[in-house]
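Since the structure of chain W is provided, determine the placement of chain A on it from the hints.
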Amino acid sequence: MNVNQKTNCFFRRGLFKLAACTFLTTGISIGHVTAAPGSMGSKNSEITQQEAVTTKGKVIDERGEALIGVSIIEKGTTNGTVTNSNGNFTLRVIGEKPILVFSYIGYSSQEIVTENNKTLQVILKESSKMVDEVIITAYGTSKKSSFTGSVSVVNAEKLTKISSTNISQGLQGLSAGVQVINNSGRPGEDAQIIIRGLGSMTAATNPLYVIDGVPSDAPLNSYSTSDIESISVMKDAASTSLYGSRAGNGVILITTKKGKEGKTKVNLRASWGTSEFAVKFPTKVSAAKQYELAFEGLYNDATDFLGKSDADARQYAYDKVSSVYWNKTPITLSDGTTRNYRSGWNTDNPVGLDGKIKTDAERLWNFNAFDEAFSHRLKQDYGADISGAMGEKNNYFISFSMLDDKGVHISDHFKRFTSRTVLNTKVTKWFEMSNTLMYSNSTNNNGGFATRVFRVLPSEYSAYLWDYKKNQYATSPYTGQKQLDEGRNNGRAWWPGWSTFGTLTENTDNKKDNLQTISAFNFNILKGLTLRTTYSYQLTNAFDYLWRSPEREDEIIASEGRVDRSSYRNTSSTLNNVLTYDKTFGDNHLNILLGQEAYVYKTVGFGISRAGLDLPYFTEISTASKDPTGWSGTDKYTLASYFSKIDYDLKNKYYISGSYRKDGSSRFHPDNRWGDFWSFGTSWRISQENFLRPTSKWLNNLKLKFSYGEVGNDNVGYYAYQGLYSPENSSYAGNIGVTQIQISNKDVKWETNIQMNGGIEFTMFDKLSGTVELFSRKSKDLLLNTPLPSSVGMESILKNIGDIQNTGWEVELNYQLIHSKNFEWDINLNATGYKNEITSLPSEEEQFTSGVAMFKWKKGGSRYDIYAPSWAGVNPDNGRNQWWKYSFDENGNVSDKIKTENYSEVNTDEQRINQGSMLPDVYGSISNNFKYKNLDLSFMLYYSIGGKVYDYNYGESSVLRENFAAYDVLDGRWQKPGDVTDVAKIYTYQCFNANSYARYSDKFLFDNSYARLKNVTIGYSLPKPVLSKVNIEIVRLYFKADNLLTFGNQAKHGSDPENGALSGVIDGSSPIPTLRSFNLGINLSF
Amino acid sequence: MKIKKTISTALILVGVLLTTGCEDFLTTNPSSTLSENQIVNDMTGIKMLLQGTYRQIRDGAGSPNFYSPEGINAISTTTGGDIMINDEQVGDFWYFSVFSSQRYDPTATIPTGMWASMYKIISNANNIIVNIDNIPGDASERNEVKGQALIIRARCYFNLIRFYQHTYIIAKNKPGVPILLEPVLKSKARNTVEEVYSQIVNDLMNAETLLVDYQRPDKQYYNKDVAQFILANVYLTMNNWSEAQSYANKIRTKYPLMSMDEYKAGFSTTNNEWVLGYIQTSQDYWWYDSPACWYDFGQNHSPWQAELFIPTKHFAEDIMKGDPRNLTIPNPIYEGKYAATKFLELKAEGPFGDLYDLRGAEMYLVEAEAAARQGDVETAKMVLNLLQTQRGASITIATGKEELTDAILLERRKEMWGEGLDYFDIMRLQKPIVKTISDGHYQEVNIPANSNILIMMIPEKEMINNKEMVQNPNPSVTPVYIP
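Chains W and A supply the protein sequences, listed in that same order.
Residue numbering for the first sequence follows the numbering used here, beginning at 1 and increasing consecutively.
Residue numbering for the second sequence follows the numbering used here, beginning at 10001 and increasing consecutively.
Chain W with its partners taken away, still in its complex shape:
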């Protein structure tokens, strides 16, 4: 055991000796550290020199490549050495039958009994990834085995399995406790990442991203996934508290690839793909069916509300049916006849008195918005990187990548290129420097297309203007193409300006330039004492352009059209100075860190907007004719911090660590500006204990850990405490004016996150490794934009209102099922579950809404519980919706309930009762990786069980409403007394009044359990013997498919289950659903 401990110490020292490198190059691989051989145990060997016998050998990996820096210890002594750059070693052994222990990070250690003067060939096997990895931690590194906090590491290999070109999307399913919600199918959009549940309501909920040691302000979509070496997701206070006020939502440490010693390595890659929606949209009824339904609704209006007889009601419906979708806009046709409605039919009354489309009624056009707007479009992704060393002191990494993603909609287009240069120089023994420069440029074309357009526009409408005189689509005088029309003046009754096509007449173009520099200076002051100064400057320049063709306005105002230009410049500077001291004395190891950081973020912007483009090729501000309007503004955020950390371990078995950080933030009043954040962590490697020695054959590693600490969240807007007056929309009679927009509120302060983590890590049989953790995450002084009674003149005020707590568990298991020469099969599984409770609330109750969904907070309740009236089915006698009207006893429990058809009776606060939680019970993923000779196959299944979602879109599609699309759900509508159905009798103009409308109730609250085949990858690597002839190392061809299959309730409704996963609601403001994509690619390395 002593030997093992010494081994670890050795590595530990080696590591910290190169602490500079650790930080500078971050993605350190111990394999490339050349430590001075024979530095240990020399005293011992001197004493016993006479008996010593020399043992020589070479250590290689399974592929036959030499391993550099492998530690070799003679068991039971402190005698040892390491392999040189060829993998060779020479050791004078002491014992008679010496046992040599070979250990190497990332590989299973091996014990070999040597014989005199024999040359050994030692093959080390790669061990499970989870053991003894070097992980990147806050302002430093640590070995996974000694780390007291909770972290999930996602390496480059895992990332490449996903075809996502965005880091955030790529993380889904890869680590426990991390919820990644892909809430937009648009190219270039970032996913939302939630670590161990939402810890805030008002402040931002996204984690802090730290790239190569400095907080990143560049949008995630500006990074190329191929530049990423590893991603560490830090989940508990012990691992995040050094980031203090910004760590409340967890920290994601991104480490980029660095140059390595050895020969120059070149990687080339290319992939091509295409996408479609992962979940099919629900089916709209045909234009003909829609008219028949409108007739039926009108007939029902007339009989039930206007007291008309059957015959009168039929006549009423006959006359009015076109008015359901069209306004009366009379037009005289070339044959002299007049039409009142410019509908898609050749007659104003296409439905007969029998309610069926007349035999002589003909459609003028057939327009399928979906088919016209969406198609399989090309996504291309190319990249190259070169890394290597220039002499012994310098190494480099340079990369270039390019992405061109056209998404699925006719108007979408995202382009990005990223280049990255990393240089490391070891100037002297005591001074090193590294520079990282990243530049990325992206162009995002987006027509502002929203899925709601496709949901609500009736099949009746076309996106082209119809020429009733010529009986064909009108031709645009500008373009010679079909005249686009957005329903402003064609008689369409609703949705003016809503277009299937978005950008064809409205060009939105967002360009971004991101520049990121990270310079790190490392001073090895004394043995064990290091000062590291890091400076990072980050710049995002955004240029947004919107152009709206005059053609688009379609005759409403002659030559309107508009051009908007705006620009932002966001800059941030981070400067930190970190002193570390590392010392081993006897069995003790101590590491102390002391640091200081200053951070400034500044955003400046301006914009100008001008209407009146007389011609469609007028595209600039100067060519517009109306008065321009402009704006400009500057905002600034500063943060000052001091921090320190102490790690101590005894005999490599017992670890404790403590950290403290003090942050001052410009976001709060001077009285509440400074916050203290701290943590304590401890772990115990039981497997190192003597009493577990008998089990060490199969129990390779067993570790218990615990941590506790406080971190904060200040992300609540720049001036949360100040009373603010805005001049916006406040000028009057030509004079500048202001109105109050925020009431001063000096009491507002940090949200504090109190986190507790306990866990077990283990490795068994060198095959099965895993982590089980229990956590609790308590958000204290939670900030909420608390609604105010409107009579005080403000809608809400930001208040620290109470405490909520997430408690849960996480499991990660990796099983190397088969690892034979030709066949490998690995299984990875992870699962997370947590519950939420409001533990303190000074007020009796707080309410907030998300879309239509209502949440009520009560002490002892959950922040995720949805409150709604209860639906009581459709009355089989009259087809009306019914709701339960509850009576309550004095304790507030339901004592009785009766059915009512009057929604206003249940549309009250007390009738909105707890209908369950939107929080899933368990979520996670199962991955399988297979390798057979040169073929590899992997797939990941993502699952989420339990949790509810309010599907407003489905609700909307299960009613008839004038001007709205009708869906085949209405096939099941109530039609005659006795019909037992969930779909109420339809009305047209009276739908609100008849309560047949999709009122807010638990009727549309569904279980959101789902499973998704997240990705499937099949790859083939060309055989090495063939390649070596042409000096190529790897050629791999692959096919990947993402989101191939989706199972669950919501998929059946035509709703993407990920859409409402965080808000609890799917509605018109929900983003574009997730895409299913197919990709073909090739990787080449030499």
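No lab work stands behind these hints, which were simulated from the structure alone.
One should not assume that every hint holds.
Only pairs whose alpha carbons sit at most 30 Å apart, straight line, appear in this in silico DSS-like list of lysine-lysine [claimed, not checked]:
#1 K799(W) <-> K651(W)
#2 K289(W) <-> K393(W)
#3 K856(W) <-> K821(W)
#4 K10188(A) <-> K858(W)
#5 K780(W) <-> K885(W)
#6 K746(W) <-> K10186(A)
#7 K856(W) <-> K10186(A)
#8 K10313(A) <-> K856(W)
#9 K10467(A) <-> K746(W)
#10 K308(W) <-> K10313(A)
#11 K799(W) <-> K10186(A)
#12 K75(W) <-> K56(W)
#13 K780(W) <-> K10313(A)
#14 K10467(A) <-> K885(W)
Below, chain A alone, put in the same frame as chain W:
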């Protein structure tokens, strides 16, 4: 040596960084908004706040279509029987309709928005009123600012009290609306209707005094006349006939009636009769929220035809028969219906002319009614006839008090149609609402006098967050208010 030098340099660097002035470093301010200190302690700042408050009341806190003076007029007008919502265009259950749930559902747009908008304006006015006296400087300047803010506040309370409770005469002791006079976040219980009226009268009389010397730059600003105009209406609603008469007289004699040519020009150019009106600029015009657009069926050449409101057949054919103010035409789109041409846009391009708010003719009618109700039929008839003569309308010859009063109320309909008196008169006079198909309405409507459907429910958000608030009766449970 070199190493030692590096160490000391590094330590100095760290030391400097540790001791740099943190509080300065950590204090940041926005550039595009102003801080409280810059506004409420400074005359220039507080004048900017007054400008902003004007803009708020003019624009209905951002929703001119509902809560601006014009929006409130539209809600009021469509409650009455002369102008109806174009069922074929927007459906009879649309926002403005009295029986739309939008009018009495405590979660719906109009009751919640009206309440929030009025109190938002009141809060800004309160910020001025409470702070102005502490600002050093010219007393007359302070008086001018304070007086204007008081009128704005009073006008908001006058709107609130008439929308959220039955009329003063029958509901004096009923819960009105909470009176908030300071910009604090503490909510209050409803004050009685009488207390609210007394606050309104106080504020207006106070303003009248403070603004006695105030010369407004143009008719966009509230001056003494505006205070008196509103006071006349407040007293009329309180059945305080003598005060109503006296205040109405002050305005009536000061603002000459416009000519019929001006009347027919569409109320989009400021003229002598206007007591209060707004000049739209290219930066702040109302787009399609102006009355001209609501009434437009293509006859006005306005850029937007909203086609919302149309006169009833009975109104166009019978009530207005032969009257020069019968600015209606057969509807060019909906056969058998009429369209109004009373409100016209000025130009084919924004900002589409001026918006009028208060005009003198209303004060003729208030003065006449108040005189008649006091039995002073001579004065009443004289004032009424002045208006009728100017308009070229038929001259009332009735001399009986009742008869004359009816004639004056009829004249209010003829002179002021589409200008938002209907709802307030229905409430004030406790009239039922009767709409018949034979009059040209889309359907038969019978709403009894003092129906609870006519007053708005207190918004649910207020009920939940203000524990002292009491709700108005649910009209589906208690249909009619019995005093």
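Here is what the structure says about each hint:
1. At roughly 48 Å between alpha-carbon atoms, K799(W) and K651(W) are farther apart than 30 Å, so this suggested pair is violated.
2. Using a Cα cut-off of 30 Å, the hinted pair K289(W) and K393(W) is violated, with the two alpha carbons roughly 76 Å apart.
3. Straight-line distance between C-alpha atoms of K856(W) and K821(W) comes to about 59 Å, which puts the hinted pair past the 30 Å bound.
4. Between K10188(A) and K858(W) the CA atoms are separated by roughly 24 Å; this keeps the pair inside 30 Å, and the hint holds.
5. For the suggested pair K780(W) and K885(W), the alpha carbons sit about 36 Å apart, so the restraint of at most 30 Å is broken.
6. With a C-alpha separation of about 16 Å, the suggested pair K746(W) and K10186(A) falls inside the 30 Å cut-off, and the hint holds.
7. Distance check on the hinted pair: K856(W) and K10186(A) sit about 22 Å apart at the alpha-carbon level, within 30 Å; holds.
8. Restraint check: the Cα-Cα separation between K10313(A) and K856(W) comes to about 51 Å, which exceeds 30 Å; the hinted pair is violated.
9. Between K10467(A) and K746(W) the CA atoms are separated by roughly 25 Å; this keeps the pair inside 30 Å, and the hint holds.
10. Taking the CA atoms of K308(W) and K10313(A), the gap is near 23 Å; set against the 30 Å cutoff, the hint holds.
11. Using a Cα cut-off of 30 Å, the hinted pair K799(W) and K10186(A) holds, with the two alpha carbons roughly 14 Å apart.
12. Between K75(W) and K56(W), the direct Cα distance comes to roughly 16 Å. Compliance with the 30 Å bound is thereby established for this hinted pair.
13. Among the hinted pairs, K780(W) with K10313(A) is inconsistent with the structure: their alpha-carbon atoms are about 65 Å apart, more than 30 Å.
14. Only pairs whose Cα atoms come within 30 Å are accepted, and K10467(A) paired with K885(W) is accepted, the gap being roughly 23 Å.
The structure fails to meet hints 1, 2, 3, 5, 8, 13 from the earlier list, while all remaining hints are met.
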